[in-house]
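Letter by letter, the sequence shown follows residues -24 to -1, 1 to 612 in mature numbering (1 follows the signal peptide of the UniProt record, and there is no 0).
It is worth saying that the hints were derived from the structure and are not from the lab.
We put the beta carbon where it would ideally sit given N, CA and C, even for glycine.
It is possible that some hints are incorrect.
What follows is a set of in silico ranges between Cβ atoms, one per label pair, in the way DEER data are often shown [said to hold, decoys possible]:
#	residue 1	residue 2	range
1	Pro202	Ala566	30 to 36 Å
2	Asp529	Tyr442	56 to 62 Å
3	Ala564	Ala316	40 to 46 Å
4	Tyr265	Ala564	43 to 49 Å
5	Ser203	Ala288	18 to 24 Å
6	His267	Gly176	38 to 44 Å
7	Asp163	Ala288	15 to 21 Å
8	Leu300	Gln421	34 to 40 Å
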Amino acid sequence: MRISFLLSTCSAIAVLTLSHPALAEDDGSATAGSHEQTPANIIVTAPFQRDRSDILSGTSVLQGSELTQAIRPSIGETLQHTPGVSATSFGPSASRPVLRGLQGERVRVLVDGIGSIDVSNTSVDHAPVVNPLLAERIEVLRGPQSLLFGASAIGGVVNVIDKRIPRSVPEEPVHVDAIATYGSAADERSGAGSVDVPLGDKFVVHADGSYLKSDNMRIGGYALSPSARAEALASSQLPAEEPAEGEEAIDFAGNAAIRGKLPNSQAKTWTAGVGAALITETGNLGVSYSHYDSLYGVPVRYATRPGQEQEAPRLDLAQDRLDLRAEVETGGGFLKTIRARASYAAYRHFELEEDGAVGTAFYNKGMEGRIELVQADRGPWQGASGVQYYSRNFNVVGDEAFLPKNDTQQFGAFTLQTLNYGPVKLEAGARYEHSELQALPLEEQDQFFSGKRTFDTFSFSGGASYGLNDNWRLGANISRSERAPSAEELFANGPHAGTQAFEVGNPDFKTERALGVEAVLRGKGDNYSFEASAYHNWFSNFIYEGLTGEEEDGLPVYQFNQAKARYYGFEAQGSVTLATFGEMKLVADALGDYVHARIVGEGPAPRIPPLRVLGGLGVTSPICGRLPLARAERKI
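Could you build the full structure based on these sequences and the hints that come with them?
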């Protein structure tokens, strides 16, 4: 059960739901009052705003009451009921989006158009530094459109848009938004609020904060699978081994009996931020500062046979971040708008032992900036081009460091051009990216590669769509994308306590390449809407992490490899209004998605979500509710 309260200066409501999603007001805006909200059919995660029906790949938007209903502690869980999106799950706190079966380096998580500048892409136990409680809008782009934000974003982009740098001047003397939620599965309590104050008619200051606390998550049975329980029970009958000095003997029978709650899945997170912006008729300039602090547990990988390690690590995470945003309407003949966006963040997290001692420390300092030049419309021609720079200094310190100190530098240039000829719309995009990755191990770290790798990647896409009538449009695109391996994929060689794995990279990797095709159909009527897409991607030099069957330091060894791979699937969603009763509407909606992924010569790709079908009935009114239904196939 989940309870949500949503308050603003213009509306106040408290609602209860017996189903999983939270509930909120039906005005379509979590930011009432004079704050303008972009319509849900407009995509802003692009150099220029575009109608969703014109984008030649799958897209999703969460905002207003729909976003409030979906909000969870992490961005992965918040989006897990979006078409084509599932979530990694190393506990409720460390959950990152999986787009069309692709995750990690292949999915970029952005905060207002700039990367989250954390280390969540390096491992599934690292939480993204993104706060859904403070999001005004979340956009998901799947397919080649996402390459405008980085060559690594082959899977897609998730853009979390907040109000920390204000975009409009409130009419009220003080504009307040607040939300509070409760979830019974982990006794989760959370709340967030923001304040916007205009100083004159052109200047706005902003402050926000949030707090979340949850206990161990309730589960519907045993913590171990039936096969793992059987192995643990069999191990409990073996002669007991003498534990190493300072360690306790493993109780295999006790591990098999754990049920009811997931140990070490608790979390506590708080955030605070301030911002200010100067807003005029011809542009805006704004800055912000934010702090993110979280302490959460990673569910234990319980030992089921002698020789295995068993730990209950916790992660103590903190980030300080500075952001800058500027936009100028030039009014010139060739350029219409110039946009600039930059961020700097200092991040660290400690992987804590069960006694509270720091086992491994992660330090990451990063900077990302981009400039976009939006062309003035010339008849049917629209376009934008830009450049992007990214820098990261990453260091892992401790006896269990699985990576050497490393630096990453990337420079990219991109363009997107469109032509509109009545019912026919054409589109082409391209991106060049230069990447330098350097490993800088200490003298005593002779297990690590030392040196530099340099990559130059080229990606491009093209497509067309045709308006069947005023309400239906059919489109298709083809893309060729290329990404450089990450530092983790190149340089890893050591135990990682958070994932309870010994990870081994390969410094000789080549660039990963993909050829993809996609078809999209969108339509709507007075009381219904529908959207579907189907895609097929052929990878060469696909990088994946495979279990070798060996153990090192009591941990299973996972080796990064390259091979050919194929990913194909579909996603569809639709809704229909069944009945109208005054201001109330009874709405039925459904979505389904499926991805098939196979690594040539190896078999099914790891961590691929199963076939999924979701449906629900909802009532839209001043107080709204929704009853969800779900069906998912099993996948191992």
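Now for the hints, and whether the structure bears them out:
{"no.": "1", "hint": "Pro202 to Ala566: 30 to 36 Å", "result": "holds (32 Å)"}
{"no.": "2", "hint": "Asp529 to Tyr442: 56 to 62 Å", "result": "holds (58 Å)"}
{"no.": "3", "hint": "Ala564 to Ala316: 40 to 46 Å", "result": "holds (44 Å)"}
{"no.": "4", "hint": "Tyr265 to Ala564: 43 to 49 Å", "result": "holds (45 Å)"}
{"no.": "5", "hint": "Ser203 to Ala288: 18 to 24 Å", "result": "holds (22 Å)"}
{"no.": "6", "hint": "His267 to Gly176: 38 to 44 Å", "result": "violated (28 Å)"}
{"no.": "7", "hint": "Asp163 to Ala288: 15 to 21 Å", "result": "holds (19 Å)"}
{"no.": "8", "hint": "Leu300 to Gln421: 34 to 40 Å", "result": "holds (36 Å)"}
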